[in-house]
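Be aware that the sequence shown starts at 1, since it is given in the UniProt record's numbering, and climbs by one per residue.
The set of hints was computed from the structure by calculation and includes no laboratory data. Treat each hint with caution, since some may be false.
To be verified - Simulated crosslink set (DSS-like; lysine-lysine; CA at most 30 Å straight-line):
1. Lys63 <-> Lys53
2. Lys63 <-> Lys49
3. Lys85 <-> Lys63
4. Lys85 <-> Lys49
5. Lys53 <-> Lys85
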Amino acid sequence: MGDVGRAFRPIAPRTMPPDGGAGGQPPLGNSGGGPSEDGRMKRASTACKECQKRRTRCTGPPKCSECDTHDRECTFDEQADRRRKANARRTQEELASLSEFTEQLLSVIRYSNNATTQHVVNVIRSSTSREEIQSVLISILAQNPELAQQALGQPAPPPHPQQHPSAVPPHHVPSDLDPHSLGPYFDPR
Numbered sequence: 001m002g003d004v005g006r007a008f009r010p011i012a013p014r015t016m017p018p019d020g021g022a023g024g025q026p027p028l029g030n031s032g033g034g035p036s037e038d039g040r041m042k043r044a045s046t047a048c049k050e051c052q053k054r055r056t057r058c059t060g061p062p063k064c065s066e067c068d069t070h071d072r073e074c075t076f077d078e079q080a081d082r083r084r085k086a087n088a089r090r091t092q093e094e095l096a097s098l099s100e101f102t103e104q105l106l107s108v109i110r111y112s113n114n115a116t117t118q119h120v121v122n123v124i125r126s127s128t129s130r131e132e133i134q135s136v137l138i139s140i141l142a143q144n145p146e147l148a149q150q151a152l153g154q155p156a157p158p159p160h161p162q163q164h165p166s167a168v169p170p171h172h173v174p175s176d177l178d179p180h181s182l183g184p185y186f187d188p189r
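Given the sequences, and given the hints that come with them, work out the whole structure.
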């Protein structure tokens, strides 16, 4: 512990040589390709794959100084940078597509008959992709334009006379109704 009083040299940023670093090589310890005209380090928006793997500073396309110095393949993946406008636009389009898919699914479930709804449920349960499910929904909506109108917020057609809400009291259950005929979704317990 006798080295406690020993003076260390001050830590400071590397300075450029008086000739402006015109030796063809960047100063040691500066893997960022040297400072730009305003004196700041030039950095790429996204590092190349090699610099990401090695966790080194990357100067950007077309070929960064690290890859150039060590003769490595310098490739940039613009899609990996989630800060870019193109990626934000793609995410927004995906969200709009999912929102449209959800609206189509809800309208078919809400406004179609039980057989159509059961068909959609069976398609979903058959582990098909979202695109296949959406194509089934689009074909159902194309065959039944009234479903598409109801999905767009159009008023529903008037109910059939036998289904009029005032015709059956809300708490009245027909005596001839068999709970087992309602399918697996009704548990009479």
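Going down the list of hints, with the structure as the test:
1. With a C-alpha separation of about 16 Å, the suggested pairing of Lys63 with Lys53 holds against the 30 Å cut-off.
2. For the given pair, Lys63 sits about 11 Å from Lys49 by alpha-carbon distance, which is consistent with the 30 Å threshold.
3. For the proposed pair Lys85 and Lys63, the alpha carbon gap of about 23 Å is at most 30 Å, so the pair holds.
4. Under the criterion of a C-alpha separation no larger than 30 Å, the hint pairing Lys85 with Lys49 is consistent with the structure, at around 20 Å.
5. For the hint linking Lys53 to Lys85, the alpha-carbon distance of about 24 Å falls within 30 Å, and the restraint holds.
Consistency note: the structure conflicts with none of the earlier hints.
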